[in-house]
Structures are given as C-alpha cells and as structure tokens.
Amino acid sequence: MVETLKVDGGEIAYRVAGEGPLVVLSPGMGNSKEAYRFLIPRLTAAGYRVAAADLRGHGESTLGWPSYTRTDTAGDLIALIEHLGGPAVIVGHSFSGGAATIAAVRRPDLVSAVVEIGPFTRPQQFDLGGLLRVRRHRAGMLRLLGAAMFKSPGLWKSYLDVAVPGVKPADWTDYLASLEADLRRPGRMAVVSSMGFAAPDDAGEALSELRCPALVMMGDLDPDWADPEAEARAIVDTLPEGQGSYVMIEGAGHYPHTQFPEEVAAAMLPFLKEHTRA
4 MVETLKVDGG EIAYRVAGEG PLVVLSPGMG NSKEAYRFLI PRLTAAGYRV
54 AAADLRGHGE STLGWPSYTR TDTAGDLIAL IEHLGGPAVI VGHSFSGGAA
104 TIAAVRRPDL VSAVVEIGPF TRPQQFDLGG LLRVRRHRAG MLRLLGAAMF
154 KSPGLWKSYL DVAVPGVKPA DWTDYLASLE ADLRRPGRMA VVSSMGFAAP
204 DDAGEALSEL RCPALVMMGD LDPDWADPEA EARAIVDTLP EGQGSYVMIE
254 GAGHYPHTQF PEEVAAAMLP FLKEHTRA
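Quick note: the sequence shown, position 111, residue 114 per this note's numbering, numbers continuous.
Everything labelled a hint here was simulated from the structure, so no lab data went into it.
One thing to keep in mind: the hints can contain errors.
With a cut-off of at most 30 Å between alpha-carbon atoms, the simulated DSBU-like pairs for lysine-lysine come out as follows [to be verified]:
1) K171 - K276
2) K154 - K171
3) K9 - K171
4) K171 - K160
With beta-carbon atoms standing in for the labels, derived distance ranges [claimed, not checked]:
5) R136 - R236: 27 to 35 Å
6) A202 - D164: 22 to 30 Å
7) R40 - L87: 18 to 26 Å
8) G88 - R214: 15 to 23 Å
As the structure is a computational prediction, the values presented were derived from the model and not from experiment.
We treat Cβ as the ideally placed atom computed from N, Cα and C, and that holds for glycine.
Given the sequences, and given the hints that come with them, work out the whole structure.
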C-alpha cells in the first residue's frame, strides 16, 4: 500500500514492507520507488523494514515544489525517517546518493550509515578526453544531456537503454512503458531537467563531514563516468579516513540494483548487518 507524508511544499509517496531495522531506499532522478522492486524482497527476507520513497515530483509524489536539490531530498528523507521511527540506513541511487550524504551529516542521530549506488556526490568536471575515449560514456552523456535540455521522455528512455547495458530484467519492456507514461505527465520532465542541472556542490561539501559508515556501489560499465571505479575511489578518498569503502558490480551499468539485485544484496547485507541499529 502506498502512503504519503506531508512535508513543507508537498507530499512524498512511499511504501513500507517487512519488519526489523529500518532501511530507506531513495531512487535516482527520472525513476520511481519501483526501481528497487528486485532489491526490496531480498532486504525484507533478510529481516529489514524497508521504506521505498518517490522523489519529489516523481512517481506518486506531488509536483509544484519550490526547488529540487539534493539538500531538499535530504530533508524529505529525514522527515520520512522521523515519521517512521529511526534510526535508518539510507540507500541512495545516483542523485539520491548525494542526498543521503547530506541527510547523514545533518542528522547523525537518525542516519546510522549510507549506501550510495552510482552516486553523484562530488562536483563533476567536464572530461573531454573521457568522452572521446570511452564510447559508452559518450553515448550515455549525450542522451542524458539531451533529455535534460529538451525535457524529452524519449531521450531519457534512450539513455536508460545505455545505462542498463547487456543483461536487462525480464519486465524491462513493461517497466520502460510505465516509466515513460509517468514522465509524459505534465511537468514531470521539467523536474527531471531541474535535477539534472542541479550540481552536487552541496553533497560534495558534506562528504568530508560524514561521520557514519558509507558503502559506495558502482557498476563497472556505468556510462555516467569514463572510469566508474576512479569515481568510486575518489568519493571514498574524500570521506574522513576509514569511513568509506566501495564495491564494483561487474557487468552493471548505472542501475546495478536493477540488473544484478542478487549481487547487490550480497554486497549490501553484511554492511547493513554491521551498521543497522534498532
């Protein structure tokens, strides 16, 4: 059952399953809580209470928010954890990886650890050499930029085809059709565009202040970076010493939790066991 939480500016839609320590899942821009559809049953089976939330302006959350930054999303996640009764581990994908970092810095009493999947947590520099050298990176970035510039669901759908290379879920065609229908609703792609052009400066500033454990998970074929492992390593290196680690998911693009949920769960569950608290 989908529930909604009223926060300042609108309503955040979320769904809760399972019993045990709380794990909050926040998707990346352009996706909904259904992006975690394969990971949720694995986490609940392992004994966790899992809350998956739509970003503001996405899925079943409302439109019309004054802004759509990572700091805004961090505030929404904090409000949800307070509502559900924390503490929690936040799992944030892409845009939400930066939001998870900010939430953990702002409320260390509520966030016991963070898992960041393909996260945009550091300020990015234009990498012409990487674009010219790495075909998948060039293909992904051109589609991503086009989707944000032209507010095009079709270009976003094309980006997803690059971002999920090789192995695709059995329900991929139906999932894409549902996602495209959602993004064609009035105002939805404008939100994606706003998030796409929101630089992660706020998250980057928070990285050095993080005091809880952080696990970075990255697909080794993620088209959002010419060298995904270098980006994962750079995030960990920016954290206070000993706070972070990273795991590479072989064969995965920007959505390892969709392509390889079993491998993602296997890497994530020992971290959750160590760092969740009732």
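Here's how the hints hold up against the structure:
1. K171 - K276: 29 Å, holds
2. K154 - K171: Holds. K154 to K171 sits at ~25 Å (cutoff 30 Å).
3. K9 - K171: 35 Å, violated
4. K171 - K160: It holds: about 14 Å lies between the C-alpha atoms, which stays within 30 Å.
5. R136 - R236: 27 to 35 Å: Taking Cβ atoms as reference, R136 and R236 lie about 19 Å apart, which means the hint is violated.
6. A202 - D164: 22 to 30 Å: Cβ of A202 to Cβ of D164: about 26 Å, so the range 22 to 30 Å holds.
7. R40 - L87: 18 to 26 Å: Check passed, 20 Å falls within 18 to 26 Å.
8. G88 - R214: 15 to 23 Å: 22 Å, holds
The structure is inconsistent with the numbered hints 3 and 5, although it conforms to all the rest.
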